[in-house]
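Peer 1: So you can see what is in the structure, the chains are spelled out below.
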Amino acid sequence: MILFKIENLVKYFGGLAAVNGVSFSVNRGEIFGLIGPNGSGKTTIFNLISNFHKPSGGKIIFKDKDITNLKTNKICRLGIGRTFQVVKPLGRLTVLDNVIASAFLRVHNKTEATKVALETLEFCNLIHRKDDLAKSLPIGERKRLEITRSMATNPDLLLLDETAAGLNPGELDEAIELIKKIRDRGVTIIIVEHIMKVIMTISDRIHAINFGQTIAEGTPEEVANDPAVIEAYLGEEYAHGK
Amino acid sequence: MKKYTPYILLFVLIIFPLVVRNSYYQHLMILVLIWVVIGSGWNIIPGYTGQVSFGDAAFFGTGAYTAGLFASKLGMSAWWGMAFGGFAAMAIAFPFGWICFRLRGAYFALASLALNEVCRHVATVWESLTNGMVGILVMPTFVSKIPYYYVALSLAVFSIIFIQSVMKSRWGYYFLSIREDQDAAESLGIDTHYYKMISLNIAAFLTGITGSLFMNYMGFIDPEVVFSLHDISIMAILVGIVGGVGTIYGPVVGAFVMVAVHEFFRTGFLGFFKTLASVTGSDFVNTVAKYVSQAHVLGFGILVVLVILYLPNGIVGDWDKIIGIFTRFKRKGESS
Amino acid sequence: MDVFLQTLVAGILKGGLYSLIGIGMSLIMGVMGIINLAHGQLMMVAMYITFALHHFLGIDPYISLFIAMPALFLLGALIQKYTLNPLLEVESILPENQVLMTVGIGMVLTEIARFIFSSDYKSVKTSYSNATFFIGEISFSIALVIAFFIAVGFTLLMFWFLLKTDIGRSIRATAQDKDAALLMGVNSKRITTITFGLGSALVAAAGTLLIPIYYLFPDIGGPFTRKAFVITILGGLGSTVGAIFGGVTLGLAESFGATYIGMAYDDMIGLIIFILVLLFLPGGFKRLTKV
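Residue numbers (my numbering), protein chains in the order written: chain B, 1 to 242; chain H, 1001 to 1336; chain A, 2001 to 2291.
One should not assume that every hint holds.
Stated by the list, open to error - Quick list of the computed label-pair ranges, beta carbon to beta carbon:
#1 B:ASP66 / H:TYR1194: 14 to 24 Å
#2 H:PHE1016 / B:ASP131: 36 to 46 Å
#3 B:GLY14 / H:ARG1266: 56 to 66 Å
#4 B:ASP131 / H:LYS1073: 52 to 62 Å
#5 H:ARG1266 / B:ILE127: 32 to 42 Å
#6 A:TYR2214 / H:VAL1261: 26 to 36 Å
#7 H:TRP1319 / B:ILE127: 46 to 56 Å
#8 H:GLY1324 / B:ASP131: 46 to 56 Å
#9 B:GLY170 / H:ARG1328: 34 to 44 Å
To be verified - Straight-line distance between alpha carbons at most 30 Å, and here's what the computed DSSO-like set of lysine-lysine pairs gives:
#10 B:LYS115 / H:LYS1003
#11 B:LYS135 / H:LYS1168
#12 B:LYS54 / A:LYS2178
#13 H:LYS1321 / B:LYS130
#14 H:LYS1168 / B:LYS115
#15 B:LYS110 / H:LYS1168
#16 A:LYS2122 / A:LYS2178
#17 B:LYS130 / H:LYS1168
#18 B:LYS115 / B:LYS180
#19 B:LYS74 / B:LYS54
#20 H:LYS1168 / B:LYS74
#21 B:LYS135 / A:LYS2178
#22 B:LYS135 / B:LYS65
#23 A:LYS2189 / H:LYS1321
#24 H:LYS1002 / B:LYS110
#25 B:LYS197 / B:LYS5
#26 H:LYS1321 / A:LYS2081
#27 B:LYS74 / B:LYS59
Simulated from the structure, these hints should not be mistaken for lab results.
Backbone N, C-alpha and C define an ideal beta-carbon position, used for all residues, glycine too.
Whenever a hint applies, use it, and build me the whole structure from the sequences.
Peer 2: Written out as structure tokens, the structure is:
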């Protein structure tokens, strides 16, 4: 059952096409990986979905509803949460207040919001940091705070933008654990990731792009063995040589 | 101890006019209370929502003129302004915010500055309504200052309690989120434009009511007084930053300090220069004395520079730092 | 028709000076990303320097350019170095604290001028202050024409400086991407200091050139700061080329406004343009050329 799809999405910056006719659809309950070399347009796609940039063309459909030109906050309200590659913590608030602020989206009084926030912090294993200022967290926990905050808005679809980048191996395993836990809660996930270990182990399906265009889509093995993908990542010789 | 400070302060403020009968000091305290409200209102926009406003005088003046017009045009009591002045100010804030909150940061600051100027020009030029530069004169209702004092005190207490409860609610959390990171806030489902509007309108409402009170209390307004960039908008900023932006009690402390500083200059350092002049009989000192009594703007300017450089979070926000400096001095004194 | 042409000429000549004011502001805006709300006040300081030099030493305003400009360069550099640069390291909840700082500095400059020179109107009367020449039916104020050409000269010099010298290139690099410039070894503190100095020197030139045909009082800074940001916003913030268009547009608008609407609305016209630009053209003229 399709929860979310983009159709022929296009974005020009000046004369340059950052995203050029990408289409994919995501089933309810799956972890959908989005990969591509640096500058291939992954983050741009996220920014188009959450409407930080206006698409130059194409359609974005969520729960059978066209959300292409809705405001960023409306999109979140409809149930699409996101994290940022460059984390954006509410620095001078405590971790708990960060999460309370997002929990207020679904509940309207403070007691309820605090309850939701505490639960979510517990779920994401960040509860021991609740009274620290967000800006004092190390990068690994800041990334986890991003996820926690999005989860507190109770999303149906979660967009994770490089949440594993910059983590040490221990943190990496924890992050993979957390993403699986989130999926088990019934949240559909689209994940952009550079670290192949992460994306290959947790994704159900992967969509690969390069230069803003689709080059492959399929299960992790299919994509990993696709010549176009290997070429994009390792250069032409590796794809045809051997 | 810290917990009870507000109650002790409130108690002192309540009995103040009963103990201090000198109407000059009562006058100063009324000004302080008026600035507590204006400063607290201003604080909501930059301190909590992160958007600098130079346009407080627009709301203050609108409130004041609302009260004045009730008296001069409708022949009613100027006290009606207290009921409508806040809404009149919101009527200015609403379209302004609607348009200008699309702008970020310094752009918005400039737009608010322009709003201030436009309002002053309009009040000056629209003579049939406002009497232009002639201003509006209203007969004061009370001879004693005490009734005004208690009205101002109630307003100040009301606004602090109101702002405190707003900041504990969803609105408060949303304001702070916007201040910390507008993009993050938007991605968490917060309609940043809408909540910036709310914060601006709360500020406008409180400032507008205060304007009406000012009209009633002073009995006279003209565009240069109530739409003044330096004496209202910049003063509001100073009350906020001297006391401490983004804190509930910052504007309270700021109001005391700024009214004191203003008075300090106005009286020529509490009569110091006048005494000096009469003792020395020097013309030069006399000129200096005359200048100093009008130099509060210079004092304000220097204060802006010093506070932003050395007390960027104001007296309340940097309290620990201030204490730290003093204890360091002490320790130095002890060790030497 | 003559009235129209006369107004046009006056507007363009005034626009030349306004461009000079706007370029200074744009440079600062572009490199520091802040709006310098003490810009007009710096101009006022330059005007008083020129006035004092003429009043006490009998120095011609055009000669004073060579004194007022370096003096203001120094003043601007000092302001940047000791009041604005330190703020980069100050952690504060207060947003836009650099902009507020310039407001404070503007107030201090104005009041110091009032302390020294009192609030009275001053003017510098030179032999050419009221001199005019005619082309056809249209009169040209000699002082304004000289001012216009010197302003154009400075503008060209500025562009040469920005395009051809190392410091100029560093300034442009910093304006485009501060972090990248930093990585490329640009000393950003030094660049901001120089930029603020240059911006101040340019506005000093404008002030000095205005002196023979204008009057002077301490509060003159405020209106010119407002003009400066209207010009900058018209031109698209931070664009030096845009500032020229902005300056000429404001000059023309004021000139036509004064002729066809009324002198009293001089200041209002700037504000109205400002609001219209914010409403309908948020990126200024730069936006029109780029999108």
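Peer 1: All hints, please: hold or fail.
Peer 2: To see whether the hints hold, each was checked on the structure:
no.	hint	in the structure
1	B:ASP66 / H:TYR1194: 14 to 24 Å	23 Å, holds
2	H:PHE1016 / B:ASP131: 36 to 46 Å	39 Å, holds
3	B:GLY14 / H:ARG1266: 56 to 66 Å	57 Å, holds
4	B:ASP131 / H:LYS1073: 52 to 62 Å	56 Å, holds
5	H:ARG1266 / B:ILE127: 32 to 42 Å	56 Å, violated
6	A:TYR2214 / H:VAL1261: 26 to 36 Å	34 Å, holds
7	H:TRP1319 / B:ILE127: 46 to 56 Å	30 Å, violated
8	H:GLY1324 / B:ASP131: 46 to 56 Å	23 Å, violated
9	B:GLY170 / H:ARG1328: 34 to 44 Å	42 Å, holds
10	B:LYS115 / H:LYS1003	26 Å, holds
11	B:LYS135 / H:LYS1168	21 Å, holds
12	B:LYS54 / A:LYS2178	26 Å, holds
13	H:LYS1321 / B:LYS130	26 Å, holds
14	H:LYS1168 / B:LYS115	15 Å, holds
15	B:LYS110 / H:LYS1168	8 Å, holds
16	A:LYS2122 / A:LYS2178	42 Å, violated
17	B:LYS130 / H:LYS1168	18 Å, holds
18	B:LYS115 / B:LYS180	23 Å, holds
19	B:LYS74 / B:LYS54	14 Å, holds
20	H:LYS1168 / B:LYS74	24 Å, holds
21	B:LYS135 / A:LYS2178	23 Å, holds
22	B:LYS135 / B:LYS65	37 Å, violated
23	A:LYS2189 / H:LYS1321	27 Å, holds
24	H:LYS1002 / B:LYS110	25 Å, holds
25	B:LYS197 / B:LYS5	26 Å, holds
26	H:LYS1321 / A:LYS2081	24 Å, holds
27	B:LYS74 / B:LYS59	16 Å, holds
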